[in-house]
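From first to last, the protein sequence lines stand for chains A and B.
In short: position in the first sequence from 1, add 271, done, that's the numbering used here.
In short: position in the second sequence from 1, add 41, done, that's the numbering used here.
Mixed in with the good hints, there may be bad ones.
Stated by the list, open to error - Listed below are the simulated BS3-like cross-link pairs for lysine-lysine, each with C-alpha atoms no more than 25 Å apart in a straight line: (1) A:367 to B:166; (2) B:180 to A:390; (3) A:312 to A:390; (4) B:166 to A:286; (5) A:286 to B:82.
The set of hints was computed from the structure by calculation and includes no laboratory data.
Read off the chains here:
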Amino acid sequence: MIDALFNQPDYLAAKKALDAVALRQQAIASNIANLETPGYKRMDVAASFSTELRRACASRDPQEIAALKPQLEVDPNAVPVSPDGNTVSLEDELFKMNQNSLANTLETQLISTDFYRLKMAITGTAT
Amino acid sequence: MIDILSGVQSTAAALDAERTRLDVISENIANASTTHGADGKPYQRQVVVFESALQQAMGGGPATPTLRVAGIEKDPRPFELVYEPGNPDADSHGMVAMPNVNVQEEMADMISASRTFDANLAVIKNARDMALQVLTIGKH
Chain A
272 MIDALFNQPD
282 YLAAKKALDA
292 VALRQQAIAS
302 NIANLETPGY
312 KRMDVAASFS
322 TELRRACASR
332 DPQEIAALKP
342 QLEVDPNAVP
352 VSPDGNTVSL
362 EDELFKMNQN
372 SLANTLETQL
382 ISTDFYRLKM
392 AITGTAT
Chain B
42 MIDILSGVQS
52 TAAALDAERT
62 RLDVISENIA
72 NASTTHGADG
82 KPYQRQVVVF
92 ESALQQAMGG
102 GPATPTLRVA
112 GIEKDPRPFE
122 LVYEPGNPDA
132 DSHGMVAMPN
142 VNVQEEMADM
152 ISASRTFDAN
162 LAVIKNARDM
172 ALQVLTIGKH
């Protein structure tokens, strides 16, 4: 019975998005670590993930959302910024890192609010 | 063990590699005018060579490329000959072979290494802040 509480599409979607945020942080850490490695190609969460998540959310099917798994891939749109073929730009990565940090705040708040609402429904009080 | 700070291994490896680079730069600057090393020859400039290596994340996450020092190699550029007849290392024409270290080049390299070090520290700080936020889930 308790499973039903944690199988709402909104909660599952926020959880998946948080997974993707953690993965993107890992990719950015790798990119900045390899800032000066000749020929390194920047990594990111596969662009297909956000479209798949959007589609799964539209279907409102918990199973479909739960089956999603964000993956890392070499960024196909990145262009070399140095003559050795390295595609990491420090400014770009720091910008993406800050953006990711905001996304992390958003997703944790969403999940927290989900829990808060459940607690409110169970106890019948607002605190 | 779970990976609470995502990507921290890559960053730690990079910090380590940048430190090695700074060490080598300071060695180069210190020996910028060593005309007589342990082998009797002038000091030869050293260069750190980086490579990226795949590292399996803890807890079975995806492998991400991290940074590694592939080796410390000698700069093959020729020594600079300077006319200094009073130097004990001078040849019969009074010429002394000076190390192939260019201090300006080393300083530029040092700034680049220390900026990269800073960028990696910023990544760790960000990962930590994010982890702390996640730990507040459910607290109201």
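Evaluated hints:
1. Among the hinted pairs, residue 367 of chain A with residue 166 of chain B is consistent with the structure: their alpha-carbon atoms are about 15 Å apart, no more than 25 Å.
2. The suggested pairing of residue 180 of chain B with residue 390 of chain A holds, with an alpha-carbon distance near 11 Å, which does not exceed 25 Å.
3. Annotation: proposed proximity of residue 312 of chain A to residue 390 of chain A is violated, straight-line Cα distance about 46 Å (limit 25 Å).
4. Using a Cα cut-off of 25 Å, the hinted pair residue 166 of chain B and residue 286 of chain A holds, with the two alpha carbons roughly 23 Å apart.
5. Distance check on the hinted pair: residue 286 of chain A and residue 82 of chain B sit about 63 Å apart at the alpha-carbon level, beyond 25 Å; violated.
Hints 3 and 5 from the earlier list are contradicted by this structure; the remaining hints agree with it.
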